[in-house]
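Work out the full structure: start from the sequences and follow the hints.
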Amino acid sequence: GSAISISKSNGSDPTTSEGSTVTFTSAAVTVQGTVTDAEGTVVENALVYLQADAKCSGTATTDTADKLVDTNAAFQTDGVAIGDTAFNQTDGTAALVTAVDSQTSLSLNSDNFPDGNENYRVGGPYPDKDPVTIVNSGTTATVTHTGHGMLNNDYVYIEGGDIVANEGVFQITYINANSYSYTMGSSPGSSPTGTITSTFVGLYGLTNSSGVKSTSRVYDADQLVTGWARKASSSPYYVAAPMRGTIDSADGLSATGVLVSDE
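In my numbering, the protein residues as written are 1 to 263.
Mixed in with the good hints there might be a few duds.
Below, in silico cross-link-like pairs of lysine-lysine (DSS-like), each with a Cα-Cα straight-line distance of 30 Å or less [claimed, not checked]: (1) K129 <-> K55; (2) K67 <-> K55; (3) K67 <-> K129.
Hints in this document: simulated from the structure, not taken from any laboratory.
Next comes the structure, spelled out in structure tokens:
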């Protein structure tokens, strides 16, 4: 007779018992990258990298209530669809697209571009080159990233600053909805400046003996990702291969990278 909550896995509905109220609170899905060579043989210890990729980005040009208007945009050509996230990169707020009015106008479920001059990205819900600030203390970098939407142990790609130790792919420690931290390999002694951005990384790491790298996570909505697979650390060496796909919030993603020998 007790109410319980269950996290779903890969969109499946668990068996329930009569007399209990069950709430499905989340659905963890698997994101998997498989790497082979041109002959179809699996490649072990290949590095796989898939990052969030917005459908489009730009700067709003007009203040219209519950709209995103950019006279320089091509929303229809870029494949923007109802349900996509329109993220205000200036103030960290987000709205959902309710209609694609034209190449230059989107209708939204809230008025989150009130000034008509904000930077934006449209597509999946996760960061793609969002502007951030970073404060270093020892080897710990604390990132201010308003409305980042990420979880503890997610990965990010940091770029654009003037300190090498802060740049690259890092696993984060969640602090709150607007900040997180990560550990650097050295203590730079000061904090970075510049146009620093953070991008969500959905899959990162080396393939196993089956040529597979995978992870599981709850996705609030579908997320386009792009990246690569490569093996350049030891023989046999391979040329990097592009990888791309959409992480389905119900079914996840299985992507394949085919490497060509570089020996």
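How the hints compare with the structure:
This hinted pair checks out: K129 and K55 have alpha carbons roughly 12 Å apart, not beyond 30 Å. The straight-line distance between the Cα atoms of K67 and K55 is roughly 17 Å, inside the 30 Å bound, and the hint therefore holds. Distance check on the hinted pair: K67 and K129 sit about 22 Å apart at the alpha-carbon level, within 30 Å; holds.
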